[in-house]
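K.L.:
Sequence:
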Amino acid sequence: MLNQLTKFADVPARVLMAAIFVLSGVGKITAYEATRGYMEAFGLPGILLAPTVVFELGAGLALLVGLKTRYVAILLAGFSIISAVIFHANFGNQMQQIMFLKNLAMAGGFLLLAKVGAPGLSVDQLLAARKGA
-18 MLNQLTKFAD VPARVLMAAI FVLSGVGKIT AYEATRGYME AFGLPGILLA
32 PTVVFELGAG LALLVGLKTR YVAILLAGFS IISAVIFHAN FGNQMQQIMF
82 LKNLAMAGGF LLLAKVGAPG LSVDQLLAAR KGA
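Counting along the sequence shown from 1, when you hit position 41 you're at 22 in this note's numbering, and nothing is skipped either side.
There could be a bad hint or two in this list.
Said to hold, decoys possible - Here are the simulated lysine-lysine pairs, DSSO-like style, with alpha carbons at most 30 angstroms apart:
hint: 1; residue 1: LYS(-12); residue 2: LYS112
hint: 2; residue 1: LYS83; residue 2: LYS(-12)
hint: 3; residue 1: LYS83; residue 2: LYS96
hint: 4; residue 1: LYS49; residue 2: LYS9
hint: 5; residue 1: LYS112; residue 2: LYS96
If you are wondering where the hints come from, they were derived from the structure by calculation, not from laboratory data. If you're wondering where the values come from, they're calculated on a predicted model, not measured in any experiment.
Go ahead and model the full structure; you've got the sequences and the hints to work with.
P.N.:
So this is what it looks like as structure tokens:
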């Protein structure tokens, strides 16, 4: 019974995990200059904002539909850890400490997705079925 209940558990997991990146990418577009200033305040060149938006949207959407799930999950795990270290390492601020731990928890979830892939409804499964047919 548990196997039946968890058979498609990756689908809502992917939707929930992708949402933060898709929404964040859109948010960066709608507040582009403010986000650029925020990045620059942390010592990052503002020119990195455009590729960051492309990455967040692209990786988020790929995760959402289950396309190259394992590779995307590894990239998002790394991105989550790097952004935690850069933007949320002020442990004197409780909110930043929580954000840091949230990013680490997300990285853990992405590493789990990297292990299991997208066995439920996903582009990966459609491609695998075509390849096997």
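K.L.:
Checked against the structure, which of the hints given earlier come out wrong?
P.N.:
Of the numbered hints given earlier, the structure breaks none, since each of them holds.
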